[in-house]
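Visitor: Input sequences plus hints: build the corresponding full structure.
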Amino acid sequence: MKKIRFSILIVVLIISAFLLRGKISHKNFNSEVWKTANLNSEENWSLRWDMMNDLRNRYKLVGMNRKEINNLLGNAEDTTSSELSYYLGYSKSGINTGTLIIKFNTQNIATMVKVKHG
1 MKKIRFSILI VVLIISAFLL RGKISHKNFN SEVWKTANLN SEENWSLRWD MMNDLRNRYK
61 LVGMNRKEIN NLLGNAEDTT SSELSYYLGY SKSGINTGTL IIKFNTQNIA TMVKVKHG
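Per the working numbering: the sequence shown ends with 118, consecutive numbering throughout.
Source of the hints: derived by calculation from the structure; they are not laboratory data. Please note: incorrect hints may appear among the correct ones.
What the hints assert, rightly or not - Straight line, CA to CA, 20 Å or less: simulated PhoX-like cross-link-like pairs of lysine-lysine:
(1) LYS114 to LYS92
(2) LYS92 to LYS27
(3) LYS116 to LYS92
(4) LYS27 to LYS60
Guide: Okay, structure coming up:
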């Protein structure tokens, strides 16, 4: 019985890996590329999405001040006194687009980071 369960688990893992291949990006975050990418160019449509995993893993955006984030990510496409919004482009899942939203407190320290789809 254990051999059957183990075999089923292995098959499920192999199928899952095959189906997810290409869906989870592993592009390294590069600040200069992020800041200068022409997201209207077809080759860059998903560039920022592809860097998101590495960006979130390497940098703790929550706790950074507004200037540090601006130095890292460049000028946001949309800004308010309490929020920066960076367009991410297409997510490789149909026509889904997204925005990286960073919220700040009154001392200009990032308190929340989220990705908004659509």
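Visitor: None of the hints should be skipped; say for each whether it holds.
Guide: Here's how the hints hold up against the structure:
1. LYS114 to LYS92: holds (19 Å)
2. LYS92 to LYS27: holds (14 Å)
3. LYS116 to LYS92: holds (15 Å)
4. LYS27 to LYS60: Answer holds: LYS27 to LYS60 is near 18 Å, not above 20 Å.
Violation of the numbered hints given earlier is absent; every hint is satisfied by the structure.
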